[in-house]
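> Generate the whole structure from the sequences, applying the supplied hints.
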Amino acid sequence: MTKVLMKGNEAIGEAAIRAGCLHFFGYPITPQSEVPEYLAKRMPEVGGTFVQAESEVAASNMIYGSAGVGIKVLTTSSSPGISLMAEGLSYIAACELPVVLVNIMRSGPGLGGILPAQGDYLQATKGTGHGDFQLIVLAPSSVQEAVDLVVLAFELAEKYLNPVMVIGDGMIGQMMEPVEFPPEGQGKPLDPGDWALTGCKGRKKRIINSLYLDPIECNDINLKLKAKYDLIAKKEKRWETYNCDKPYDLLICSFGMMSRICKTAIDDLAEQGIQVGLFRPITVNPFPYEACRKAMDKAKRVLVLEMNMGQMLEDIKLAGEGSKEIDFFGTAGGVVLSPDESLLKMRKSLRKIPKATKAKPKKKPAKKTKAAKKRKSR
Amino acid sequence: MAGTEVLMAGFGGQGMLLSGKLLAYAAMKKGMEVSWLPSYGPEMRGGTANVTVCISPKQVGSPYISRPSALLVMNQPSLEKFGPRVKKGGLIVINTSLVPVKANRDDCTVVYVAAAEIAQEAGTARAANLVMLGAYVGWAGIVDPDTTIQMIEKEFARKAKFIPANVSAFKLGFEAGVKAKEGAKA
Amino acid sequence: MKKIFASTKGLTDRPTHYCPGCTHGVIHRMVGESIEELGLRERTVGIAPVGCAVLAYEYFNCDMFEASHGRAPAVATGAKRSRPDLILFTYQGDGDLASIGMGEIIHAANRGEKITVIFVNNAVYGMTGGQMAPTTMPGQYTTTSPFGRDTAEVGYPVRMTEVITQLTTPAFVARVSTHTTREIVRAKAVIKEAFRYQAEGRCFTFVEVLSTCPTNWGLSPREAVKWVEKEMVPYYPLGITKRPEDFTEEWKDGGH
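Chains as they are written, first to last, in the working numbering: chain A, 1 to 378; chain B, 1 to 186; chain C, 1 to 256.
One or more hints might be untrue.
Okay, derived cross-link-like pairs now, DSS-like style, lysine-lysine, Cα gap no bigger than 25 Å in a straight line [claimed, not checked]: (1) K226/C x K9/C; (2) K246/A x K58/B; (3) K345/A x K87/B; (4) K41/A x K154/B.
Note that these hints are calculated values from the structure, not bench results. Since the structure is predicted, the reported quantities are computational estimates derived from the model, not experimental observations.
See below:
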């Protein structure tokens, strides 16, 4: 297979086609507009359908209609647009329809800016819309991984009949890297199963609906969805560790493009003889808590670096259960920490690790013990 | 070879993003890992635009870099902004057609190229970006000039009449780069 | 014995939840009969709105979606563009279509989506308890216009049929009513024609149906149909306002 040099946004569009998705509904927004632009050209070539929706609200309802009739479908947007799609996504999740969407995150809140950010982590993983539903959320850190995860997203969406979101920041959408695609024509159409609305010829009518006025019935739906999310959490967690095979005092937790920046800083530190590990979740929902905890257990201290004000930080804290001191540094608004700046943050955290614990642990002087005793006696 | 990072900057429309793309293509053809990260946004329309190309034998770490090993600048604001960031021992290529000042870096190699004039000589002043690219390719020796020329021909395939001027602009820039390298060695 | 009337296969046997005197049931039947008579039922997918007809997915005897408030035309767009062989209809009220869903309906019409929209206009929000709708008549009392619709403050009722008609894109657009048997017979013919246009893959089709809401109007069913005739019909004139055949090449330049 030959590699081609491609912009992340265009590669995402092509990846969907290779996964067998021939239907796209979406609305332009920077920095993801190259996806609809690319697919407007490409879909007619492969006999597919491209529709520019009048809004993201409409786009999210168009994919509801498309998936509902049993068709593989994609939409893409960026942060403010995803907020508008929240409505459709809640219905899609409630009706258990397989759709794939991509959020090329820009800075916020509000109109924010068009530069890269990771400020939609919590929105994607914890609260995309109203009601108890979850998306499967995948976070690539390279154009190649974006392609691979879009293909995986379609598989997972169909397997679990659940919306799957791929989140990348503006950088991943705008940068070019060499990529390899699965061969054309390999992606299969969606199996309409026993749920898709294909016309009731020779069978009973089907209904795609999320209205349950009976509280018991509505509770049951929520229990059913919860069981599905638990299964997904059991089976589909994915992550990467970097430089974790050597002993390390400090563990960096970072996702998406920010983790790439951290890797360069970690390499630079390794050249100076300092080993720092990296834990990067690939599925940010379900979050790989256990694997994260394992990586944390080997460290003396943890540093979380994100392009937001501390969103994945909450999951790292849940994973650590208070077992480790956790530092955080974040940037937003399109400010991206450079590898050098990241390295300085790592050094700062390293300095906070007491020398004593680095070498053989020595007993601390009595001062603290007194206070500890006091606390105990209460 | 170790990895290298090239930052190319100029006004929007001066074609530095394209120069970066051609460099990335040529490096990829040679089997190297590359990344091409543009600045994007309102500056695309007439403001300053820049692109970072990382070339590495192994997977590129951060495509966003603090200190490039080479800087190609088309205008003065870009030189002022990025000049101080170039790595020690790095390279700065300056378009003297638009940048009337010197680079204040004696720890770097600085190559001065009258890109617009040279491009004019080649047939069109618009190809100044390719003179700059040529100068870098000639100096750095990382990618093959012939591959780069193939990439130029491919890029302009739909506007074939622009190919000769752009290719010769690249070649003239390349010669200037090679000459500068020899001068530096001597 | 000769059978002169049977219930349509286009509807299920489920009793509806509609109030006495409400014409939703009649409109359901006209839609159900149309898709049955045209032989379309087995490839029809309907889309229920949010509003009084929210449970319509239980009543139509074909595959059904339940959409979010106002978005039925977007859902229909997604479905029709994905499976063009299906017949898609939306069934929407005035709050759903003319208020929260104004964007979706206009753009579905403007793109010329080959779907059928049944727009039930009863000049009030029914399900939520009789609030003012975009189609509420001037001076009409509702729970959110307790002193009567004040046009100086909230403007005049929206005439959706006319709004859709003025779009350049070819379409079949009509307004019908349910206030007399005669009008019901006419309405049925128009609805059937709309589905026929869709089945032929011709154009976007839109039928506004004037309907009653005795409960929220505070009128008896008999008074309610009179009210439609006296108050609504003069403001909302009946008839077919646009056919795809009306489209001329000159319109392309915006010169009509």
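> Give a verdict on every hint.
Hint-by-hint comparison with the structure:
1. K226/C x K9/C: Violated: K226/C and K9/C sit about 31 Å apart, past 25 Å.
2. K246/A x K58/B: holds (20 Å)
3. K345/A x K87/B: Holds. K345/A to K87/B sits at ~21 Å (cutoff 25 Å).
4. K41/A x K154/B: Roughly 20 Å between the alpha carbons, so the hint for K41/A and K154/B holds.
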